[in-house]
Every structure is written in structure tokens, then in C-alpha cells.
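Undergrad: Sequence:
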Amino acid sequence: MVSEEHRKDIVKTLFPIFFGFVAGIISFIVLGNSEKRHPLGIIILVLVIYIHKFLMPKFGVEMENKDWAAVGFLCFSSWYIVWTLLLNI
1 MVSEEHRKDI VKTLFPIFFG FVAGIISFIV LGNSEKRHPL GIIILVLVIY IHKFLMPKFG
61 VEMENKDWAA VGFLCFSSWY IVWTLLLNI
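Under my numbering, think of the first position of the sequence shown as 1, with each following residue one higher.
Worth flagging that the hints you see were computed from the coordinates, not collected in a lab. C-beta atoms are modelled at their ideal positions from N, C-alpha and C, and glycine is treated no differently. Treat the hints with care, since some could be wrong.
In silico BS3-like pairs for lysine-lysine, Cα to Cα no more than 25 Å straight-line [to be verified]: (1) K53 with K12; (2) K36 with K53; (3) K53 with K8; (4) K8 with K58; (5) K66 with K8; (6) K66 with K12; (7) K36 with K8.
Computed Cβ-Cβ distance ranges for the label pairs, DEER-style [as the list claims (entries may be wrong)]: (8) H38 with V2: 34 to 44 Å; (9) I51 with R7: 32 to 42 Å; (10) I29 with M1: 32 to 42 Å; (11) I51 with L31: 38 to 48 Å; (12) H38 with A69: 42 to 52 Å.
Throw the hints in and build the complete structure from the sequences for me.
TA: See below:
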């Protein structure tokens, strides 16, 4: 059986990765193969990271300052990977 602390750590890790994938897909759908740099992709990422502020407490996860750095990094890296892969297909 998984302990409560272990479950919270899993949620802190998997949610940002999943929502980063979603943000990458949304960025690709909205911007497509835009030739110019557009800040809307970054805005989508920031909004998805902001959603974590409201989503994590619903799953019983208390977020500390150091956790936000991890959430931002995991969400950014998965967003960047997915969006880059989709742009190169």
C-alpha cells in the first residue's frame, strides 16, 4: 500500500508532467506552424502552471515554495518537449 506522503509526492510529480503535455498540445493546436515567434505559447504554459495553484489543494497536497520550482520545471520541460516534437513532425 502506498503511504499518504508517497501519494502526495506522486501527485506533485505526475500532474505537472501531464499538464505540461497538455499545454504543449494546446500550444501546437493554437499556433500551428507559425513562422514568427509568438508569446501565446508561453502564456499557455504560464496559465497551465497557475492552474496547479487551485488543483493541488483539491488532491490534499500542500505546496511549499520549493515545490513551485519543481512544478514549474517539470511543466516547462514536458511542454517544451511535446511542442518541439509536434512542430517537427
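Undergrad: Each of the hints needs a verdict: does it hold here or not?
TA: Do the hints match the structure? See the list:
1. K53 with K12: holds, 11 Å
2. K36 with K53: violated, 31 Å
3. K53 with K8: holds, 15 Å
4. K8 with K58: holds, 12 Å
5. K66 with K8: holds, 15 Å
6. K66 with K12: Holds, at about 11 Å.
7. K36 with K8: violated, 40 Å
8. H38 with V2: 34 to 44 Å: holds, 42 Å
9. I51 with R7: 32 to 42 Å: violated, 20 Å
10. I29 with M1: 32 to 42 Å: holds, 40 Å
11. I51 with L31: 38 to 48 Å: Violated, since I51 and L31 (Cβ atoms, about 19 Å apart) do not stay within the stated range.
12. H38 with A69: 42 to 52 Å: violated, 26 Å
In the structure shown, a violation is registered for the earlier hints numbered 2, 7, 9, 11 and 12, in ascending order.
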